[in-house]
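Novice: Chain by chain, the residues run as shown.
There are 2 protein chains.
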Amino acid sequence: MEFRDFNVLPSCKQLAQLARKPYDLTAPGALGPERIKQYTASVCGFDFLYATQRLDNRTLDLLQQLADEAGLVEQFLAMKSGRTMNRIEGFASENRPVLHTACRDIFSSAPCNPEATSQAGEQLARLKNFLLELDQGKIVNHRGESYTTMVQVGIGGSDLGPRALYMALKRYQSAGRSARFIANVDPDDTAEILDNVDLSRTLFNVVSKSGTTLETLTNEQMVRSALEDAGLDPARHLLSVTGAGSPMDDPRRYLRSFHMFDYIGGRYSATSMVGGVTLGFTLGYDAFVEILKGAHAVDVAAEKKDVRANVPLLMALVGIWNRNFLGHTTVAILPYSQALLRFPAHLQQCDMESNGKSVTRKGQPVGWDTGPVIWGEPGTNGQHAFYQLLHQGTTVVPAEFIGFRQSQYGRDIDVDGTTSQQKLVANMLAQSLALAAGQENDNPNRRFAGNRPSSVLIADRLTPFAMGALLALYENKIAYQGFCWNINSFDQEGVQLGKVLATLVLQEMAADSMGKGGVLDKKSPEYTFLKTAGCLKNPQE
Amino acid sequence: MEFRDFNVLPSCKQLAQLARKPYDLTAPGALGPERIKQYTASVCGFDFLYATQRLDNRTLDLLQQLADEAGLVEQFLAMKSGRTMNRIEGFASENRPVLHTACRDIFSSAPCNPEATSQAGEQLARLKNFLLELDQGKIVNHRGESYTTMVQVGIGGSDLGPRALYMALKRYQSAGRSARFIANVDPDDTAEILDNVDLSRTLFNVVSKSGTTLETLTNEQMVRSALEDAGLDPARHLLSVTGAGSPMDDPRRYLRSFHMFDYIGGRYSATSMVGGVTLGFTLGYDAFVEILKGAHAVDVAAEKKDVRANVPLLMALVGIWNRNFLGHTTVAILPYSQALLRFPAHLQQCDMESNGKSVTRKGQPVGWDTGPVIWGEPGTNGQHAFYQLLHQGTTVVPAEFIGFRQSQYGRDIDVDGTTSQQKLVANMLAQSLALAAGQENDNPNRRFAGNRPSSVLIADRLTPFAMGALLALYENKIAYQGFCWNINSFDQEGVQLGKVLATLVLQEMAADSMGKGGVLDKKSPEYTFLKTAGCLKNPQE
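In order, the protein sequence lines correspond to chains Y and Z. Going by numbering that gives the first Met the number 0, the first residue of the first sequence is number 0, and it counts up by one from there. Going by numbering that gives the first Met the number 0, the first residue of the second sequence is number 0, and it counts up by one from there.
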């Protein structure tokens, strides 16, 4: 399999040509019944409506050609089977397979990568057993009481995905169980949470693959101190999820350790033990398995070569059409579901850390745009906030709507003949159409230019299965885009420089606190910046 | 005062010229001690460090000229004094003064607009009295118990600002008092909150200027039903903040009503009763007054003509330099403070709803870019999420860092010679420098191009006064940018079309639920979209 640069693919030139006059959504009859029906695809309970994108059959044919020329499905299959997809040819790089899909390949009789799936299965069995021991009262606190709260301590991929999923599925949590999350090195974050849980009945689930993440270790220290101050034994209250053999893989210091593997990147780890422990504790083991089932179903559906029938691939290609050919720099993720409040933040990491890259898999500078800026908030809230710019701003923002026909709690109220859930969905559909069609008006300030692209993902209800499917739809969309752009979506070298500089600055602050000479040149930007910001107690000279 | 178009100002042409070769932050010595010190300004306890922007003294001189040519400070003073700044010349528009600054002009012996300030003072006195009655046990529930929780029911400006401020200042809340917020028409949002408060000791503060906001009225209905189901009298548990004479200004149905005025836009209303009631209840009256004092101090400091000394004006102009001359479409707001978690969401509304516009104040299409896309999450969390793209993506994102030298709780831990708070601030400063300076490397994947602009706002501690100041810094920044772009930052016509279409779609759904013929043409995009999305029970034809 040869990786080809995006801009040399023949379909690219033709798409660029086509983009000079993209489909006009504001023309009379542009959104006819046939188009709306035809531009709808389905996958694992979700319908994907994309008639409100600025594309037509000619565009889709070329996007199919693009997918074929770049060998996208082949690359996806190679990833699932364990090829070393996380690397840069000819340069030092992580050089690893990418196997988050293996975590949910457990339902398959012939898994794509049997070894990784067997490792995932082992951890899952250990989790099942641990949860059973909790349920049966075999694991209890020093007073013989059950644990009621799990606080996940982790940052980035060890926080955002699990947190987004927990909030999405909170409605299904077992009676008497709940979760909290500590991520930020901001001491106030930790203090606020430690103040508001019953320490004696809380398990702290510390998550770090390397076992060396600065924020997480610091927060773990704060947690250990708080437990000790309360006369509790930390070894009875702390769990860890970490790589085998890491400093955190230590049965003397943790009640139980679960393993994560170096072939699963943090931002793709929600379906590994990184998400499993807290989600299993709060929602129950079966619900976590349902999440895995939904994700697995999408992983399988993502293998189709026909772009019109492969929703994650289609989402990826529509995104590339908007990004590279129509020139849009951002994408708004707009879930019409309050439960999905933090899903955009998870996608921000998953997408921007994966595809915010500037070199190809051969180490050459890219000559095309890669990942866009991802942001978003739930509707209808956003309608009363930033939608003004979506409709009438000078920057066009492609939007991805996500909604459900039924609510989770099923408690609703009928006002003016419709339920709140109907109002929620009606608003979502209306926004997609309004952005596309626009509207003329004699008052220029009440004019809507239209032609603002969007699509809608809709399912019956936000269940654990649906959440797993939605997660995998986006994970696979993101991977497909990276393959197409010929970048390595699985490393994150861009976070290193900030870490190095922060370490230098911290050494200076430590020396300053002790009244000792520091490590920085007094004329260096770092030193002057620290001093000017008023962050040194005893600035020199 | 004549409003002039942005692109005809002489300074604009010169700035465009200058932008062809902006200041190179990666050149040797580009971030010298003199520059860092010189490019720092201070206001009301905040230091603003902007040496890491791609500008120099020549740029600043031209930005000064731009401010003078556009009469920015004159426009700001006109706004504060009550001129009709919310209008479009020659077309139907809201035609109102813009007087959110009057809410905090109460500390001035000669307020800019005495009438509005006197109205604000009256409401404030009523709030003080109400809070006193609660404290003294004169207002209690039917069992004679005090109220412990306030749930604010509102959306958009009636939610985001008050919620962001409450979360920012939660640390200061009075013992036994807390707040929750219901915004979304999503019935699950309301259900989750109603499940988790003690209704008998909860006050519901329903906020809508018009008294007709769909989401808010629907949620109020759910709240009233829940209270009645619990055998409680809604009139004893509901407050309202609304315009005088609105349907919600009704003493029979509300325990107490506070007034908001049509010269204060929702997104600028956090310092009116819209924020005051909930913040006063939870933090205490004096803390709310401190917020007003901080905001007022900035309102006064924002009158300076010298752009180098007027921080909100300087922030506005630096933003315009990045947006219109360097061509950046988004701005990341990155608070290194977990308490400011929802401040970016508030700014998203305040900025994007104000400046996401396409016509001038004369109703002409703008020929220049207006408001950028605003987004952001707290650091250090973001470093482990989307910073990869900030450092190595193909799209440059100007960043605005916000941080504090001390934590709120004052509970911290020393690891490796520094506290968590020091780690937080060190990371923030290091990120700003890393984005600016970049770094060479033989491995192209470990190369940082640098020249990614940012600035830092830093204060001692996030107190009520500091929060008020920070709020006003951004409110005034946003207003200044709107003045400069010659747009009306105070209306929101762009939200109307979606509302109209949603109403049509809802009428169809209501008819469908009753098995009656609907209102929509069966061939219309709205009908087909609804049907294709599976949202009709009895689709016709």
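Rather than coming from a laboratory, the hints here were simulated on the basis of the structure. Be a bit skeptical, because a hint or two may be false.
[Stated by the list, open to error] With a Cα cut of at most 25 Å, we get these calculated DSS-like pairs of lysine-lysine:
1) Lys303/Y to Lys292/Y
2) Lys36/Z to Lys36/Y
3) Lys530/Y to Lys12/Y
4) Lys515/Z to Lys36/Y
5) Lys530/Y to Lys521/Z
[As the list claims (entries may be wrong)] To list a few chain Z residues with every Cβ distance to chain Y over 10 Å, as calculated:
6) Arg170
7) Ser336
8) Ala384
9) Lys422
10) Gln438
11) Gln491
12) Gln495
13) Leu496
In this text, a Cβ means the ideal position worked out from N, Cα and C, and glycines have one as well.
Novice: With reference to the structure, classify each hint as holding or not holding.
Specialist: Hint check results:
no.	hint	verdict
1	Lys303/Y to Lys292/Y	holds (18 Å)
2	Lys36/Z to Lys36/Y	violated (62 Å)
3	Lys530/Y to Lys12/Y	violated (52 Å)
4	Lys515/Z to Lys36/Y	holds (24 Å)
5	Lys530/Y to Lys521/Z	violated (68 Å)
6	Arg170	violated (7 Å)
7	Ser336	violated (6 Å)
8	Ala384	violated (4 Å)
9	Lys422	violated (5 Å)
10	Gln438	violated (5 Å)
11	Gln491	violated (5 Å)
12	Gln495	violated (7 Å)
13	Leu496	violated (5 Å)
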